[in-house]
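Residue numbers (numbering that gives the first Met the number 0), protein chains in the order written: chain X, 0 to 392; chain W, 0 to 392.
Check each hint, because a few of them may be wrong.
It does not matter which identical chain is meant; a pair holds if it fits inside one copy or across any two.
[Stated by the list, open to error] EDC-like cross-link-like pairs, simulated, lysine to aspartate or glutamate; straight-line CA separation at most 16 Å:
#: 1; residue 1: 290; residue 2: 89
#: 2; residue 1: 211; residue 2: 280
#: 3; residue 1: 290; residue 2: 318
#: 4; residue 1: 194; residue 2: 225
#: 5; residue 1: 11; residue 2: 254
#: 6; residue 1: 255; residue 2: 8
#: 7; residue 1: 255; residue 2: 2
#: 8; residue 1: 211; residue 2: 43
#: 9; residue 1: 5; residue 2: 112
#: 10; residue 1: 5; residue 2: 135
Bear in mind the hints are in silico, worked out from the structure with no lab data behind them.
Given next are the chains, with one letter for each unit.
There are 2 protein chains.
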Amino acid sequence: MAEFAKRMDNIKASDIRQLLKIIGQPGIISFAGGLPAPELFPVEDFKAALDAVMDENGRVALQYGATEGWKPLRDHIVKRLAARNDIHTDAEHVLLTAGSQQGLDFLGKLYLDPGDVVVVESPSYLGAINAFKQYECKFVEVPTDENGMIMAELDRILATTERVKLIYVIPDFQNPSGRTWPLERRHQFIDIINKYHITAIEDNPYGDLRFKGEYLPALKSMDPEENIVYFGTFSKILAPGLRIGWTVANAQITEKLNLIAQAAVLQTSTINAMAIAKYLDMFDIDEHVAKILPVYKHRCELMIQTMRETFPEGVKFTDPDGGLFTWVELPEHINSRKLAEAALAKGVAVVPGDGFFPNGENKHCFRMNYSNATDEQLLVGVHRLAETIREFM
Amino acid sequence: MAEFAKRMDNIKASDIRQLLKIIGQPGIISFAGGLPAPELFPVEDFKAALDAVMDENGRVALQYGATEGWKPLRDHIVKRLAARNDIHTDAEHVLLTAGSQQGLDFLGKLYLDPGDVVVVESPSYLGAINAFKQYECKFVEVPTDENGMIMAELDRILATTERVKLIYVIPDFQNPSGRTWPLERRHQFIDIINKYHITAIEDNPYGDLRFKGEYLPALKSMDPEENIVYFGTFSKILAPGLRIGWTVANAQITEKLNLIAQAAVLQTSTINAMAIAKYLDMFDIDEHVAKILPVYKHRCELMIQTMRETFPEGVKFTDPDGGLFTWVELPEHINSRKLAEAALAKGVAVVPGDGFFPNGENKHCFRMNYSNATDEQLLVGVHRLAETIREFM
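Next up, chain X with everything else stripped away, as it sits in the complex:
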């Protein structure tokens, strides 16, 4: 058999996806995934929307459609971005993708030759790192503090690094850290990328899931030079099983992303895009999101409070204002992969942190998710984790 392509040396199994298989087993308490709470899915309403699509327009829903995606859904996205995020665009600059993960693959394909550099927060989303790795790139990690990316470090890196093609950031409730950039850093970021004329991806899957504190504007809303490619998704506010996200970018990038989508997949699912558009016609998605927020707030607070009460001194963790994750820093001598294995033996799953550092230097952190656990699971799971950590101290 012929050899595989060189890029396959970089493509490893995602820890999270591997863990998801174990998590399905009975008795495991999982803080590992990034799964929304399924009991909050608007099953009845979405079924009504699906039925309306099938009744009114079933033959269109089951047929091929345009690569860029169902126009009424793109119109809805444009309207909501303007109303909620002060991002002003039009449907021609929106491309539907099969979740933001596909957007990451497409941006990697668009920009990255082997050896090109992607600049990321340290830590950054594991799935983005894996998507870009397919294109044989290098990563430069920008140090972060409790307020996210340190902008002086970003400036220094861009001034001194060759072949930077992309910057990838999650300014709101970052995956994995749960951190959010304050306003000043957002302005600084825009100034820096405009100075170097670099394309930056603003990945915003969690922005709508703010349950504490004040709204902060999206980078894309302060981007007259159009260096930002914005990623949004219905995965966290409606349902991930539909696999519908979107990109907003300037005309040139959008045209190229359309060509990539044509060659890679033709289009996203017609029926899924139509059903979401119909759901947005029939129901108020912000009312739905408003039902999610207090639940996630409660779960987050219960997890954090229990961690405060049980985790040994010397263990730090973030206290997020929204999103799905908190991030735990152990004393440096503790290997989080070994700790995660020991926790799993006690029936609790977390994601070891090293996968979130593309260059792999950090071994003593892990990520915890609170959105998809009951109060009892949160209490029992955190207690077991605390016990595991104490054994490693």
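Starting from the known structure of chain X, fit chain W onto it as the hints suggest.
Quick look at chain W alone, frame taken from chain X:
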């Protein structure tokens, strides 16, 4: 702004996708797409399956799922492959993809470094050529006759060509030619790829759409050495808007395709896979396919008969036993791109043939689709085309 990756020089707009935009305009008779007849979609039955999924299992349907795809659907695929195609596999060797187009992208990603060679039939499916081009490969075209790929030529090419990583073929009702390989060529093909230990993709979207002649076995059914990666899809027998196809491959390739799927898109749509599985539980898809066949047979025969009556002497075309397409060869001095433009000016769309030849030497052919046209459109469209051709003779 940073420069795009080198691969973007190879990624052009698909003629077909561009044409699909024009085709939406009223009054245009389109023989250009590869669209199934939407009036044959089982809208009511599929809605019943969707409703059952939402009622019984809505929270699972809307949630993330495993990368390889909904297990009950993979079980259905395994059963149907055994019963209809004598292909014996199990669910672990099946990966769901967002249509076969995504399978093409994944296989290109798995095998192709820049400069590697893909061997294809001449002509071959334009969408496959575009998918592989993303990986900066070269193409070697194997000459074909009325029975498809000429195997002595394939043998000669494999004996003399360096860096062949993949062979891509459509043995049944090929896109664009409508041709089907006879049994002897299938056996020869297997002998040749086994001799050279080359991975071959058998793309079989149309195999179930045989409306004349005898069933011929899939290459994958005569592949004990597992050099064949088989592609199937629900797009042509159920509905393309769902974007669900599948690959069947050996364990090593399937494992790698899973990793690629994780990095590129996480998974196909959970709800769509579940709804198809439920549809297959509730209804007999072969009964549904049996309703499609006489319609396509009639449309094909009407198109071919009208072409026989109206096309000038010196114009050749295939008479397919199934699938969606016939292929027209004009006298060599006629440029099919100019002819297609002139036909469009008369309100008839066809796809110029040069896009189906990756090395672009052939300029005098075009592809016609009959599955998505009324009798009147078939009659009027072919007459107008005949008139256009006569103007070019």
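Please list, smallest to largest, the hint numbers that this structure does not respect. 1, 2, 3, 8
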